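There are 2 protein chains.
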Amino acid sequence: MLSCHTSTVEKKQGIRSDKLNPLPSWNNNDVKSAIINFVENATEEGNSNFIPESDRIACFDNDGTLWAEQPMYFQLIYAIDFIKKEAHKHPEWSKQEPFKSILQNDLEQALKGGNRALMEIIMASHAGISTAEFDKSVKNWLESRKHPKYNKPYNQLIYQPMIELLDYLRSHQFKCFIVSGGGVDFIRNFSEETYNIPKHQVIGSSLKVVYEIDSLGMPVLIKKAEINHIDDGLGKPVGVHQYIGKKPVFSAGNSDGDYELLAYTKSSKNENGFAIIIHHTDAEREFAYDRESHIGKLKRAMDDAPEKGWYLVDMAKDWNIIFEFNF
Amino acid sequence: MLSCHTSTVEKKQGIRSDKLNPLPSWNNNDVKSAIINFVENATEEGNSNFIPESDRIACFDNDGTLWAEQPMYFQLIYAIDFIKKEAHKHPEWSKQEPFKSILQNDLEQALKGGNRALMEIIMASHAGISTAEFDKSVKNWLESRKHPKYNKPYNQLIYQPMIELLDYLRSHQFKCFIVSGGGVDFIRNFSEETYNIPKHQVIGSSLKVVYEIDSLGMPVLIKKAEINHIDDGLGKPVGVHQYIGKKPVFSAGNSDGDYELLAYTKSSKNENGFAIIIHHTDAEREFAYDRESHIGKLKRAMDDAPEKGWYLVDMAKDWNIIFEFNF
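Line by line, the protein sequences give chains Y and S. Using the numbering used here, count along the first sequence one by one with no gaps and you end on 344. Using the numbering used here, count along the second sequence one by one with no gaps and you end on 344.
Just chain Y, with the same shape it has in the complex:
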């Protein structure tokens, strides 16, 4: 682990990368070599593993792959904050789970309702408002709230080695997409400035929206409390097909929710394509969790990785820094 020796002002995204040393935050272990080898073959005309530019599609999960996801999904923190802020407009919440427990700061109780409770919490933070109002609310939240462990805005909790990987792939004409179980409208509020990934290259879970004309005669899109797409597990290759229309040649995930995305990219050792799994092994610099975790559970994908030819990234061993701010 390197000590902090440069000012944060100088540390713009990817500034440590250059052509001679494309992934400086990655230690010179097997995974780094394999990534570079894959990209060099894919971009060398005449190579048997050459991939034409228009097929260089790379897909990245977001929570736990590009940014942190502990102590809980950041979007869930946003939703809880939203519910507390808006509770005065919803007197019924004080008697109705999961809202009642949230307002009593008893998250464990609130989440006892499982996926349904989680979905109700997330939906309450979306539904019935215009897409523009939602964007404003998320932007305000990102600017004002900080992560409990690091005391940094949530959009600084991004993995520097992955930022370098995005840059490296893009410099070889790969088109990088986010394919996240999180809400697409949530992620699009920071994807451009944080990852240099334009909004239309973000795929995620979504609610239905409807087109309406507001009181000033202007078109608005209103978010409804009805699911449009759940971009998790089996839903990830479905989202990739509906939004991109091509099979990825590169993908990165960190949990069993990414299993089908990884398999769609590389379903066996012998198949072309490249897939990595970020394994959270660094309790000191970040968080250590896998098989038993409630968030980002990694079991089946880790067990099948050798047979599938997916690379496990050991955060503690393979990354010499994790966040830009802890050089």
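Simulated from the structure, these hints should not be mistaken for lab results. All values reported here derive from a predicted model rather than from experimental measurement. Take the hints with a grain of salt, since some may be wrong.
In this list, chains with the same sequence are indistinguishable; a pair is considered to hold if it fits within one copy or across any two.
In the BS3-like style, the derived pairs of lysine-lysine whose C-alpha atoms are separated by at most 30 angstroms in a straight line are [claimed, not checked]:
hint, residue 1, residue 2
1, Lys286, Lys166
2, Lys101, Lys192
3, Lys225, Lys314
4, Lys325, Lys169
5, Lys334, Lys225
6, Lys129, Lys314
7, Lys264, Lys225
8, Lys325, Lys241
9, Lys263, Lys169
10, Lys264, Lys316
11, Lys153, Lys263
12, Lys263, Lys163
13, Lys192, Lys112
14, Lys225, Lys263
15, Lys102, Lys169
16, Lys241, Lys102
17, Lys192, Lys153
18, Lys106, Lys153
19, Lys325, Lys153
20, Lys314, Lys169
Place chain S on chain Y using the hints.
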């Protein structure tokens, strides 16, 4: 109208365009001046109508806007051909409308069932097969079938002035998307080579797909007979939001099905943004239709165009050629 004086081999897409004369197939009328004026202002830093690069989103309808749609939507012709070809696997179709009438070559009768019949025809040509099989079938069809009026493959029935417009916008860092009522999987089979629009920049109607593992253990996506999204009318701004996440600054359509897309782009004369409507006025070189047409009906959008500030493109007067092959 110019006569045919260059070989078709030389006439690659956009080859007639250059920086000094960006839209050569457009006559020097008001619409051409307005387009050039809009683009020059949008790309001039300091101009009050300057648009940052990342916001330069342009949306194009497909049927009747980028390629022809008469005597009927080309995808409907594909679906009818598919039903005839596959009828031997579906003995039940000989007794079941709308298939029965299609097999008896009575399209008028088949379509008497309205939208439901149309949807059943389109779905029959999609559902239950893998996305890869569907792609193969569409590619074969495009290579083998020709338009009844022009005796050309359907993907040559594209409007040369619109190809130039796409090129012109792209050369000014606009990102061009297709936003079509047609099937997204259908259009993606020719969008890259025909329009230079990558698959992930095509938005259209879609069926649900599900992820499955085939008998060889490989992941496949199977198309289901269940609607995912209808990208027409009110559905167009919804599709734009779900796929792009930004409001367009430029859009082009040709029918009332594009009304909401145009309004979402420019909802009043005073608003920034630019919208055009292709008005099919040229019975000799193409087809002439608007208010009363069953396909590409243009009534409400034409009536409201002056108040909204949308430009009508008069194909007969504003375009000196329509298709590349009739220079």
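Can you tell me if Lys192 and Lys112 fall within 30 angstroms by alpha carbon in one copy, between copies, both or neither?
-> neither (48 angstroms within a copy, 49 angstroms between copies)
Alpha-carbon proximity context of Lys263 and Lys169, limit 30 angstroms = between (37 angstroms within a copy, 28 angstroms between copies)
Pop the pair Lys153 and Lys263 into one bin, within, between, both or neither, using alpha-carbon distances up to 30 angstroms.
-> For Lys153 and Lys263, the Cα distance is within 30 angstroms only across copies (14 angstroms; inside one copy 33 angstroms).
If the cutoff is 30 angstroms on CA atoms, where do Lys225 and Lys263 land: within, between, both or neither? Let me know, please.
-> For Lys225 and Lys263, the Cα distance is within 30 angstroms both inside one copy (24 angstroms) and across copies (16 angstroms).
With 30 angstroms as the alpha-carbon cut-off, assign the pair Lys325 and Lys241 to within, between, both or neither.
-> between (39 angstroms within a copy, 28 angstroms between copies)
Within, between, both or neither: Lys314, Lys169 at alpha-carbon 30 angstroms | within (25 angstroms within a copy, 55 angstroms between copies)
Intra- versus inter-subunit Cα pairing at 30 angstroms for Lys192 with Lys153 | Cα proximity of Lys192 and Lys153: in one copy and across copies (28 angstroms, 24 angstroms).
Homo-oligomer pair classification [Lys169, Lys102; C-alpha up to 30 angstroms] | Classified as within: same-chain Cα gap 21 angstroms, cross-chain 62 angstroms, threshold 30 angstroms.
Are the CA atoms of Lys129 and Lys314 at most 30 angstroms apart within a copy, between copies, both, or neither?
-> within (17 angstroms within a copy, 53 angstroms between copies)
Which holds for Lys334 with Lys225 at a C-alpha limit of 30 angstroms: within a copy, between copies, both or neither?
-> neither (42 angstroms within a copy, 42 angstroms between copies)
Classify it for me, Lys225 with Lys314: is the Cα-Cα distance of at most 30 angstroms met within a copy, between copies, both or neither?
-> Cα proximity of Lys225 and Lys314: in one copy and across copies (28 angstroms, 28 angstroms).
Tell me, please, which holds for Lys241 and Lys102 at an alpha-carbon limit of 30 angstroms: within, between, both or neither?
-> For Lys241 and Lys102, the Cα distance is within 30 angstroms only inside one copy (20 angstroms; across copies 42 angstroms).
Hints 1, 2, 4, 5, 13 from the list above are not met by this structure, while the remaining hints are.
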